[in-house]
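There are 4 protein chains.
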Amino acid sequence: MAVVLGPNRYGKAETRVVRVTRDGDVHHVKDCNVSIALSGAMTDVHLTGDNAAVLPTDSQKNTVYAMARRHGIGEIEDFALLLARHFTGSQPAIHHARVEIEEYSWNRIPDGPPHSFVRAGGEVRTCVAHHDRDGTASVVSGLKDLVVLNSTGSEFHGFAQDEYTTLKPATDRVLATAVTAAWRHTAVPPRGGPGEPYAESYAVSYAEVRRHLLEAFARTHSLSLQQTLYTMGRQVLEARPEICEIRLALPNKHHFAVDLSPFGLDNDNEVFYAADRPYGLIEGHVLDDDAPDAGRAWE
Amino acid sequence: MAVVLGPNRYGKAETRVVRVTRDGDVHHVKDCNVSIALSGAMTDVHLTGDNAAVLPTDSQKNTVYAMARRHGIGEIEDFALLLARHFTGSQPAIHHARVEIEEYSWNRIPDGPPHSFVRAGGEVRTCVAHHDRDGTASVVSGLKDLVVLNSTGSEFHGFAQDEYTTLKPATDRVLATAVTAAWRHTAVPPRGGPGEPYAESYAVSYAEVRRHLLEAFARTHSLSLQQTLYTMGRQVLEARPEICEIRLALPNKHHFAVDLSPFGLDNDNEVFYAADRPYGLIEGHVLDDDAPDAGRAWE
Amino acid sequence: MAVVLGPNRYGKAETRVVRVTRDGDVHHVKDCNVSIALSGAMTDVHLTGDNAAVLPTDSQKNTVYAMARRHGIGEIEDFALLLARHFTGSQPAIHHARVEIEEYSWNRIPDGPPHSFVRAGGEVRTCVAHHDRDGTASVVSGLKDLVVLNSTGSEFHGFAQDEYTTLKPATDRVLATAVTAAWRHTAVPPRGGPGEPYAESYAVSYAEVRRHLLEAFARTHSLSLQQTLYTMGRQVLEARPEICEIRLALPNKHHFAVDLSPFGLDNDNEVFYAADRPYGLIEGHVLDDDAPDAGRAWE
Amino acid sequence: MAVVLGPNRYGKAETRVVRVTRDGDVHHVKDCNVSIALSGAMTDVHLTGDNAAVLPTDSQKNTVYAMARRHGIGEIEDFALLLARHFTGSQPAIHHARVEIEEYSWNRIPDGPPHSFVRAGGEVRTCVAHHDRDGTASVVSGLKDLVVLNSTGSEFHGFAQDEYTTLKPATDRVLATAVTAAWRHTAVPPRGGPGEPYAESYAVSYAEVRRHLLEAFARTHSLSLQQTLYTMGRQVLEARPEICEIRLALPNKHHFAVDLSPFGLDNDNEVFYAADRPYGLIEGHVLDDDAPDAGRAWE
Chain S
50 MAVVLGPNRY
60 GKAETRVVRV
70 TRDGDVHHVK
80 DCNVSIALSG
90 AMTDVHLTGD
100 NAAVLPTDSQ
110 KNTVYAMARR
120 HGIGEIEDFA
130 LLLARHFTGS
140 QPAIHHARVE
150 IEEYSWNRIP
160 DGPPHSFVRA
170 GGEVRTCVAH
180 HDRDGTASVV
190 SGLKDLVVLN
200 STGSEFHGFA
210 QDEYTTLKPA
220 TDRVLATAVT
230 AAWRHTAVPP
240 RGGPGEPYAE
250 SYAVSYAEVR
260 RHLLEAFART
270 HSLSLQQTLY
280 TMGRQVLEAR
290 PEICEIRLAL
300 PNKHHFAVDL
310 SPFGLDNDNE
320 VFYAADRPYG
330 LIEGHVLDDD
340 APDAGRAWE
Chain E
50 MAVVLGPNRY
60 GKAETRVVRV
70 TRDGDVHHVK
80 DCNVSIALSG
90 AMTDVHLTGD
100 NAAVLPTDSQ
110 KNTVYAMARR
120 HGIGEIEDFA
130 LLLARHFTGS
140 QPAIHHARVE
150 IEEYSWNRIP
160 DGPPHSFVRA
170 GGEVRTCVAH
180 HDRDGTASVV
190 SGLKDLVVLN
200 STGSEFHGFA
210 QDEYTTLKPA
220 TDRVLATAVT
230 AAWRHTAVPP
240 RGGPGEPYAE
250 SYAVSYAEVR
260 RHLLEAFART
270 HSLSLQQTLY
280 TMGRQVLEAR
290 PEICEIRLAL
300 PNKHHFAVDL
310 SPFGLDNDNE
320 VFYAADRPYG
330 LIEGHVLDDD
340 APDAGRAWE
Chain A
50 MAVVLGPNRY
60 GKAETRVVRV
70 TRDGDVHHVK
80 DCNVSIALSG
90 AMTDVHLTGD
100 NAAVLPTDSQ
110 KNTVYAMARR
120 HGIGEIEDFA
130 LLLARHFTGS
140 QPAIHHARVE
150 IEEYSWNRIP
160 DGPPHSFVRA
170 GGEVRTCVAH
180 HDRDGTASVV
190 SGLKDLVVLN
200 STGSEFHGFA
210 QDEYTTLKPA
220 TDRVLATAVT
230 AAWRHTAVPP
240 RGGPGEPYAE
250 SYAVSYAEVR
260 RHLLEAFART
270 HSLSLQQTLY
280 TMGRQVLEAR
290 PEICEIRLAL
300 PNKHHFAVDL
310 SPFGLDNDNE
320 VFYAADRPYG
330 LIEGHVLDDD
340 APDAGRAWE
Chain Z
50 MAVVLGPNRY
60 GKAETRVVRV
70 TRDGDVHHVK
80 DCNVSIALSG
90 AMTDVHLTGD
100 NAAVLPTDSQ
110 KNTVYAMARR
120 HGIGEIEDFA
130 LLLARHFTGS
140 QPAIHHARVE
150 IEEYSWNRIP
160 DGPPHSFVRA
170 GGEVRTCVAH
180 HDRDGTASVV
190 SGLKDLVVLN
200 STGSEFHGFA
210 QDEYTTLKPA
220 TDRVLATAVT
230 AAWRHTAVPP
240 RGGPGEPYAE
250 SYAVSYAEVR
260 RHLLEAFART
270 HSLSLQQTLY
280 TMGRQVLEAR
290 PEICEIRLAL
300 PNKHHFAVDL
310 SPFGLDNDNE
320 VFYAADRPYG
330 LIEGHVLDDD
340 APDAGRAWE
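Chains as they are written, first to last, in the numbering used here: chain S, 50 to 348; chain E, 50 to 348; chain A, 50 to 348; chain Z, 50 to 348.
Keep in mind the hints are simulated off the structure, nothing from the lab. Just so it is clear, the structure is predicted and the values come from calculations on it, not from any experiment. Fair warning: there could be bad hints in the mix.
[Unchecked claim] Here are a few chain Z residues that sit away from chain A, every Cβ distance over 12 Å (derived from the structure):
hint, residue
1, 63
2, 97
3, 141
4, 157
5, 167
6, 171
7, 196
8, 220
9, 229
10, 241
11, 269
12, 317
13, 343
14, 347
[As the list claims (entries may be wrong)] Cut-off 35 Å, straight-line C-alpha distance, at most; resulting in silico cross-link-like pairs (DSBU-like, lysine-lysine):
hint, chain 1, residue 1, chain 2, residue 2
15, E, 217, S, 302
16, S, 79, E, 79
17, S, 193, S, 217
18, S, 217, S, 302
19, E, 302, E, 193
20, Z, 217, A, 193
21, A, 193, A, 217
22, A, 217, E, 79
23, Z, 217, Z, 193
24, S, 302, A, 193
25, S, 193, S, 302
26, A, 302, A, 217
27, S, 193, A, 217
28, S, 302, Z, 217
29, E, 193, S, 217
30, E, 79, A, 79
31, S, 302, Z, 79
A virtual CB, placed ideally from N, CA and C, is assigned to each residue, including glycine.
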């Protein structure tokens, strides 16, 4: 036996950057949280504390701000790739960079001046970009905290039963979840599928994937949350040629119809207790069977 | 010296209730968090553990669900009053009820069936209703987590200075805050001001106050966050005759322009670091000098 | 009707300060979160944006650090008073200062060098000090997040019943709560009760109050959480002459014995579901009937 | 191209169970949060909503409670394995089970009766157990939220520099982190290393690993947090033959010495600003080069 160092990475996490761009009096705001993780020739720093290969995380933070100044922050995928390429291209000891960005969206205040904004709430847009010094790159886009609910159109019955099963079959229930989803782009820069160029931006791709997720959730008459998950994933893959894989995590946010019979009242799915814990958690991947190797895209 | 019992109250906090109402295939959802606090002849339970006067908090929870079934949940202020009246009217030992409700809003999923919803995010609507067994009542409506930002139109200079002051005057800065606001209705049921009837619902009142808060924040050229706070409050009071007092708490969510000069870059208010802590906190009340006595409305 | 400015205050919230003191190789750590709220001649800044009376919150932050350097941070009550006196004594426009401090405690790492620490977890120590420019002062000490549980020795029966009551009486239940408590010192500097000097520090007072709260919770055979609350408060007041009032907020963190009868198993209070929401919330004040007027101590 | 279902799992997450065991008047408390994830023949439920293979997550919750009643909750690793074996052994469609448990620790209240407890705070103990229906099993133990600080004995200099580097070298700084660690047991049931039986319980193993982590953090004169990480991992592996791999995630919780020179004060590492974000994040694996294949242990 010998003790050895395994995979490792380091970087500055959660650098909060807000970028204002002016178009005359009209301002635009990008509000992001950037997390960088670098890896490479880092054995010495672990074994002896020799920092010669270590670009300080403070420098990484400065780079985020400087790059935001130089290039603006367009789509977060592009900005993540820009940063990842910068580190692998400029630091010999850095062989691989992972950049994760969360974006918080803002709306204009109605009838306000064009520099006034109200935070949109709702889901957070996300991305993870990887870049090797040999030029290999990947982009996973995503979202989290997209909370949705169908007040009918959901059933759950015909399930396996064991000695600990007391659940009654349901032919009409509330189905609610907070969608966390991440989808892998087939190519970087994005392409429209095997052999096809793809000219749209990550912004269009994001908006369309989000729309398909919502639509599939809403339109699926659900026999189980697993079925809904798969339908959501399949619809995205079928509609969006630039995407080859999607991963979904759907907590089943239980809404229990309250038993009001002790009070002489019926409850035909009108009054629900929204429970915090425990919750079901359904996770699944849906992918194109021709999808290229993912490499480190999901790390 | 003698040890005595002072003010006290008890109740069920954070009962999560979701109420679905059906209009044919079109469903409506109300999603609330209800907290009840009752007080009255509670000396014995504290001194001897005699529970004869204590309506269990479990019964209070049941009441929330039963009332939601019987009456629906319309505007949260109305539902809070309904509950508060119920407890003071039905339990001799309960002399006073306080009901606080948070409401989370949902939007319909675009192009989805009329039973599919996506949580709106953004601010939470709130209310606190008080009711005595003699019929005295009060209603305070409010909101929290309304996050707003002006990317220009804010200054801060001419301030007091002491030996610990290093802040530079600013003639152009980002002003951002998360609005917590609560406003007291002059009368229950609401009236339009001294001597005037008021026919609108709490829903209209809420939407209008929110609109005025946003508009005043956006349109005020700010010399300090205190000035913005007062302007927001004043605009609400001047525009809404049913409101006699508003209380605002505005954290100054600092956005610091990053010094990029070490990198040979200027930064003309384009790149900001959004700080978590510490933050300024500005709190103030704005009221009508004719406002009736608040009683326990703010407790 | 005229719109007027009501009570207001402003200041820097949540300045995180860690103070290291060295006694040779032996280091001591104080880890605090300081929130300052100042009030006084602040009409102009609200009405016109004239900041002449406004000491920037940035200067307040600097003062926290400079004072921590000059004087160290001893007991948080003393440090809070030091800061509050500084602001009311040095700024003519500041008539009143409120300083709130949270303290996070650290233990030494066993067998480690005397500069190595592990955060203690558990409760947070708190205080709120007020100081007027005329010299009036008050100190409220406290704690929060002190989570306690009795696995027997708790009953709840003989309660009021109404049409919505389904709760069964309990002669043996788990009683669990997260104690939030705040207690007012009779005098500043602290005294031992009417006419008596008090020589102990806030540290001793805190440790003793905490001990009494735990002991009273543990030793009370409880017929209701209200009774436990009152007993906790009374024991503190009877044992600690420097305290004239205590306020307690006790969430009843429900532990429901799980019904295992469908599986042919009894459950004699052995297996519990620890629920998140809803929860009972019991709040009460216990005080000395000779307590001096509280002034603004509880604001 | 064809859309296919990839890896998937489902189960009940965050079942909160508190188990009381009585030894006469002396009570013992185990307080856990159990998350189950099952996988197997789940294609049909995803593609068609046929639930025949799906044991409801509600039944899984019931199983947690029933097993806690039948067998008690001893060490969380044993309880996790018990549950995982149950599901793979009793449900033909379940080919693999993953059970994750968090444990919150409680201390007895000093001088209280033997049924009175105060929650310990500090770190949370964790474990993840995997079990296949063919009998393959793995156990990863761990902890999170173990917050530690060295007020001296840490340096950082000799690092790489680029055009965005402004950080000054440090020969004395505060080093603070919140340890998240997970370590893989070489065998299930645990053994003492290659060829050696191991008779100790998971409780002893946990206590010793925790002790070594603290000791290594405290005693390492640190030239970088990477060096500290590796030393922590190596010490655990060298001291504990039952462990073959450890993974550590260490946020560098920056404590910046405040510049007090504008106030005529020096600051010889006495007064620090404890920052929230951004923070460095150092992650690394340390392992025995003879470690058996991890299989799905880390999923």
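Holds or violated: residue 302 of chain E with residue 193 of chain E, Cα cutoff 35 Å? holds, 15 Å
According to the definition I'm using, a residue is off the interface if its beta carbon is farther than 12 Å from all beta carbons of the partner; does residue 229 of chain Z meet that for chain A? Given a closest Cβ separation of 14 Å, the condition holds.
Straight-line Cα separation of residue 217 of chain S and residue 302 of chain S no greater than 35 Å? Status holds; Cα separation ~18 Å.
May I ask you to check that residue 63 of chain Z keeps its beta-carbon over 12 Å from the closest beta-carbon of chain A? Residue 63 of chain Z is in fact no farther than 12 Å from some Cβ atom of chain A, at 9 Å.
Hint check: residue 193 of chain S vs residue 217 of chain S, CA-CA at most 35 Å. Holds or violated? holds, 31 Å
Please work out if residue 79 of chain S and residue 79 of chain E have their alpha carbons no farther apart than 35 Å. With Cα atoms ~32 Å apart, residue 79 of chain S and residue 79 of chain E stay inside 35 Å; holds.
Regarding the pair residue 302 of chain S and residue 79 of chain Z, is the alpha-carbon distance no greater than 35 Å? With Cα atoms ~26 Å apart, residue 302 of chain S and residue 79 of chain Z stay inside 35 Å; holds.
Does residue 193 of chain Z lie within 35 Å of residue 217 of chain Z when you go C-alpha to C-alpha? Distance of about 31 Å is within 35 Å: holds.
Are residue 217 of chain A and residue 79 of chain E close enough, with their CA atoms no more than 35 Å apart? It holds: about 30 Å lies between the C-alpha atoms, which stays within 35 Å.
With 12 Å as the threshold, tell me whether residue 167 of chain Z passes as away from chain A on beta-carbon distances. Nearest chain A Cβ is 5 Å from residue 167 of chain Z, so the label is violated.
Holds or violated: residue 193 of chain A and residue 217 of chain A, Cα atoms, limit 35 Å. holds, 31 Å
Distal placement of residue 97 of chain Z relative to chain A, Cβ over 12 Å: Residue 97 of chain Z is indeed farther than 12 Å from all Cβ atoms of chain A, at 30 Å.
When held up to the earlier numbered hints, the structure conflicts with 1, 4, 5, 6, 7, 11, 12, 15, 20, 27, 28, 29, 30 and fits the remainder.
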